[in-house]
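Undergrad: Required output: the full structure, derived from the provided sequences and hints.
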Amino acid sequence: MALDQIVDGLSEVSCDVLVIGGGTAGPMAALKAKLKNPKANVVLLEKANVKRSGAISMGMDGLNNAVIPGYATPEQYTKEITIANDGIVDQKAVYKYAQNCYKIIEELDSFGIRFLKNENGDYAVKKVHHIGTYVLPMPNGETVKKALYRQLRRARILISNRYMATRLLKSSDGRIAGAISVNTRTAEMLVIKAKAVILCMGAAGRLGLPTSGYMFGTYENAANSGDGYAMAYHAGAALANLECFQINPLIKDYNGPACAYVAGPFGAYTANNEGARFIECDYWSGQMMLEFYNELLSGKGPVFLQLKHLHPDTISEIESTLHKVERPTRGLFQQGRGVDYRSESIEMHISEIGFCSGHSASGVFVDDNARTTIPGLYAAGDMASVPHNYMLGAFTNGSVAGIDAMEFADGHDFAEFDAADVAVERDRVMAPTKREDGIPPNQIEYKTRRLVNDYLQPPKVTRKYELGMRRLAEAREDMQERMIARNAHELLRALEVQSIMDCADMAAHASLYREESRWGLYHWRTDFPEKDNENWFCHALLSKRDGKMTSEKRAVEPYVVPISDDEKDLYDKQRIRASA
Amino acid sequence: MPLASYQTSVPVVVDDAKCIADKGCTVCVDVCPLDVLRISEMTNKAYMAYDECWYCMPCEADCPTGAVTVNIPYLLR
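Residue numbers (my numbering), protein chains in the order written: chain E, 128 to 707; chain P, 219 to 295.
Keep in mind the hints are simulated off the structure, nothing from the lab.
Just so you know, even glycine gets a beta-carbon here, dropped at the ideal spot from N, CA and C.
Don't take each hint at face value.
[Unchecked claim] Heads up, incomplete: computed chain P residues facing chain E, CB under 7 Å, no partners named:
| no. | residue |
| --- | --- |
| 1 | 240 |
| 2 | 243 |
| 3 | 247 |
| 4 | 248 |
| 5 | 249 |
| 6 | 251 |
| 7 | 253 |
| 8 | 271 |
| 9 | 274 |
| 10 | 295 |
TA: Next comes the structure, spelled out in structure tokens:
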């Protein structure tokens, strides 16, 4: 049989709660839904394999946003994230996270995931943020996925690996009815009817093109092609603050974190080519990224992570984390270049753009119960709009989503969808396999992402955006009319390109809508260089209405935790001032 | 337009002498997030079929016989 031969097929199954995406938020959502109602059927659908999928495929070095009693309070954390995100925050969801996350840490601990403790047995929390203390190392962080998988098996969650969801199904009255998916090895289609659906499909990390030119050398797990953003959009859900891009400081070329959150608490810092510090705080915020960008382009670049002043034992300790979890090939990369942290600093660069509320605020709009604007549809993790969420946010809000979705499923019967919607989607999905001749998905993807770099990455210039949108429209036409997929694997990539194209269009549309600059580098518009609180202190929601992309303003909910005037701009003061 | 194939050196290398895919093992193929590994119909051993690698390591870490090596893709080495 030829490699990944296409099989024609369509079948249908049903479940009470369907969770799409088995990375971080997804397993927790599935687990909590099942524990809420053990008699119900919970299906966890995954494009790859739940054992090793998502951003934490190889584990994580620690919690970046742990609100631990004695070190931080929910009020303090809510305040910090509000300021870091330039005030555009619905605090209720952030505050709820901050209140719940300690419980989740204890639960993860009971799964066998260990957290660093000091000699008194207290959690050894480190300071990385500008104001508070929230970073908690995980000494066996490489075991996270295995620990989660054990829980899923124990709870008898139905896991379907290698199925890529492509579109959501709704009833005529607008309620969620299920999802359509495609087997990534055979191209057989599977319709899953569900009373509630939870989207946990990760960031849109394959949007910009890494400067190495290697398409899969992205910061995010390259499987995270923004499918969840595209599906939510086509279903008519609102997406929030997409113009607040994710851009991160990374090891140049390797394109993974260096990682200042690990090394910073030991005394490492970011420096320019003179060895001098230029930012106050290594926490990833748009304001910090703007200073990083400015330094790179000034005569004082490149920018480095400086470790060599530390004791060799300390460096060995840092290495034992960096070369074991999250991105373990960091060690191999540095070895290949002959870089020893004891004698040489780590050259840094900035990443391609993406959507990811895990680090910024660009996600499918959700309230404090993880509900999207579509009844019965939930979102959690990197693709949901709760800002600066990280891994612990994915676990905590995944838990919230799982419980609320099961309550919804318990109170509703299946919604009816139109069979014609499935037929239309089947035609769309299979179209690239029906053509004899055309352009392969990798070329369409390369071109799309190269255009994203050329025209959409900040600084955002209106004229460039207008040209970029024209070029993207041409690439879209090629994608829709001429793209070919000769086997099931190419079809997977062909479907991913369609998500990437949708995300590129959304990035452009959302960026042009907000006529001000905010979040430092994330939304720096040269035509509107100032922050305009009078007109733009609001969320911007993007959605599909009558087949067209539209944006609207949405007021920021009244704060739960007040911010005083002298605190509001603390994150704007990132640049270290020259001392006399 | 006609298609041409494009040469690329792939980052994941499998030691055929150690690989036990011929005895039914599919661990590396199963765990890859990008789904780029396959079992060869000619040799019955695992190999990298598609150069779409995140150099993330599950294939190497989970291989029961230590047959898989992940290298850094050439373009970013």
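Undergrad: Compare the structure with each hint and give your call.
TA: Each hint, compared with the structure:
1. 240: This interface hint is violated because 17 Å lies over the 7 Å limit.
2. 243: This hint is violated: residue 243(P) lies away from chain E, its Cβ roughly 15 Å from the closest one there, beyond 7 Å.
3. 247: Since the shortest Cβ distance to chain E is 9 Å, the answer is violated.
4. 248: Constraint on residue 248(P) satisfied, holds at 6 Å.
5. 249: With Cβ-Cβ at 4 Å, under 7 Å, it holds.
6. 251: holds, 4 Å
7. 253: Status holds, d = 6 Å.
8. 271: holds, 6 Å
9. 274: holds, 5 Å
10. 295: Since chain E brings a Cβ to about 6 Å from residue 295(P), closer than 7 Å, the hint holds.
The structure is inconsistent with the numbered hints 1, 2 and 3, although it conforms to all the rest.
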